[in-house]
Amino acid sequence: MTEQQNLVEVKHLKEYFQINTGLFSSKPLKAVDDVSFAIRKGETLGLVGESGCGKTTVGRTLLHLYKPTEGEIWFNGKQIVTKQDILEYRKKTAMVFQDPYSSLNPRMTVSDIIGEPLDVHKLYASKAERQEKILDLMAKVGLNSEHANRYAHEFSGGQRQRIGIARSLAMGPEFVVCDEPVSALDVSIQAQVINMFDELQNQMGLTYLFIAHDLLVVRHISDRIAVMYLGKMVEMADAREIYDHPLHPYTKCLMSAVPLPDPKKARENKRIVLHGDIPSPLNAPSGCPFRTRCPYATAACAESMPEFKEVSSGHFVACHNMEKFN
Amino acid sequence: MALLEVRDLRTSFFTPAGEVKAVNGVSFFLDHGKVLGIVGESGSGKSVTAYSIMQILEKTGRIVGGSIKFDGQELVGAGEKVMKTIRGNKISIIFQDPMTSLNPTYTIGHQLMEAIMLHTPRNKKQAYDRAVEMLRLVNVNEPEKRMKQYPFEFSGGMRQRVMIAMALACEPDILIADEPTTALDVTIQAQILELMQSLQKELGMAIIMITHDLGVVAQMCDEVIVMYAGSICEQGSADEIFYNPKHEYTKGLMRSIPTVDNDDSPLEPISGTPIDLLNMPQGCPFAPRCDAAMKICMRQRCERMQINDWHQAACWMNVKEAFEKEGGDAE
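Protein chains in written order, with the working numbering: chain A, 1 to 326; chain B, 1 to 331.
Treat the hints with care, as some may be off.
Pairs of lysine-lysine, DSBU-like flavour, derived with a Cα cap of 30 Å [unchecked claim]: (1) A/Lys-270 - B/Lys-34; (2) A/Lys-270 - B/Lys-251; (3) B/Lys-201 - B/Lys-125; (4) A/Lys-140 - B/Lys-251; (5) B/Lys-251 - A/Lys-265; (6) B/Lys-81 - A/Lys-27; (7) B/Lys-59 - B/Lys-145.
No lab work stands behind these hints: they were computed from the structure.
For reference, chain A alone in the conformation it holds in the complex (with noise of 0.2 Å):
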């Protein structure tokens, strides 16, 4: 893998909230903790893991929404550093959020929601090519052209995604982070939305970080997939090699755990049922964080964090004890 074909890198991201733990004494919650990859050109890396393990926050600081901590983004083999770098960044990268109900402002019009990006970095020369350009995303989303004076309140969930997907395109961005963009969606208004996601990276050749906890979309969504753990990343591999050879013992858990649609495979599956609940973030334990919680944990495992190697070509994973049980 060389430099020029990763289009976003990451290197030793972190970020920290200070949490007020007391009247004068706060802490530091480890939202994202020593994280790196990298994301190709034209690819989609799914980013999987339980709330609370810092997934979100990966995808908003790496928008800058957040100031990292620590740790480098690069973007188009160019370091993200002063605030020029931010603004020209930003006009390349886009986000679409999870909730389609309270990301888009109820007292604009669809036309409105769209446009104000172009608004924002002044794109057009006229109010004609604003409108163009306006009709232009609608239509690539699959809205019709009347509904652009219409409000937001009018569409279903299903249509209101369609209307910020159209917003997050309007910059014309080679990176796109999607949070949970189809979690709040219908079965049947799930899957439109998930083939319009795959008919705009083929027609505008974008690169999505997807972002879901939904394991069978991401599967199908994505061609890698990095699976988080308590702000730490913990195993990142081809979508099938991950589903079909996982090496981290949380992994495993997580792949067993997915309810399969098909009652007989449902009752062959054996499921590897994980006790206890993830810890929390401000009170995170020593070593590996999945270590109170894994059934193969040793005294190695509390002390330190294992590195997060390449164990076979473009499979990362971070586990002491990996040879034991597999």
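Using the hints provided, position chain B relative to the given structure of chain A.
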């Protein structure tokens, strides 16, 4: 006689914009110790069906027709007094959101004991013992310590366990679970489903599992009801519904979910948007979104037909197929 018999249940909400027929002629039976799944999209009437059985509808909602018989006793029109002996004692319900279904100002122990003392003739000491026993049953560690804690000290999965403990404290015959794992993470969902399965075997109760997740249905249910726009479009054993769907909506649902085997081909979504219950079409409610819709589908609703001993569906396509088999002209 079945434990629960629902016949032609109709529940409407009376809004300023008009009557919304949320449940429109639903019939099913539930036997002792069976797990029945009800699937459908939001607005299909699956939750309202459950709330109608418990009679905990919002003020604007009313059962306008049909019958619900529990153990031979008619519940529609039976009045609050009778319902109070049913709710919690005979039929219990757990809700989707464990965050809001517990009172944040009382301890877990207080809330559990309150439920137990309300429904059984136990005194405070006995209720305490029973509450601790129930917490232990649902795998809550250190139940004595947990009894003194408040809901905010519990994680989502733990709260849902408390809700299950509360629902099962009076040993109901039927447990209604309304999207019990939708708000939870996959690994916690696996824990809760496992727990429900083992408790169901241990206590021998019947479960009505309401969900939109076909994976959960496949794992938990003996029998499945598929609902669309307030009515049942298909009903049958889990294997029949998953491997031999006979309603165009069910077929569409099965094609539109990503599975482990179809990750290379694009998904086949159901076109269009969910139905507006205020403007119901005259014929089959799914016809406007159905790719296979025929003229008759727009004009007239299909009655439920028996496909085989374990399977019923309400779709004109089955009539057409039967006709074609006999060599007739379908149109």
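Structure-based check of all given hints:
1. A/Lys-270 - B/Lys-34: 22 Å, holds
2. A/Lys-270 - B/Lys-251: 28 Å, holds
3. B/Lys-201 - B/Lys-125: Judged against 30 Å, a Cα distance of about 29 Å means the pair holds.
4. A/Lys-140 - B/Lys-251: 28 Å, holds
5. B/Lys-251 - A/Lys-265: 19 Å, holds
6. B/Lys-81 - A/Lys-27: The hint is violated at about 54 Å.
7. B/Lys-59 - B/Lys-145: 39 Å, violated
Taken one by one, the earlier hints fail for this structure at numbers 6, 7, listed in ascending order.
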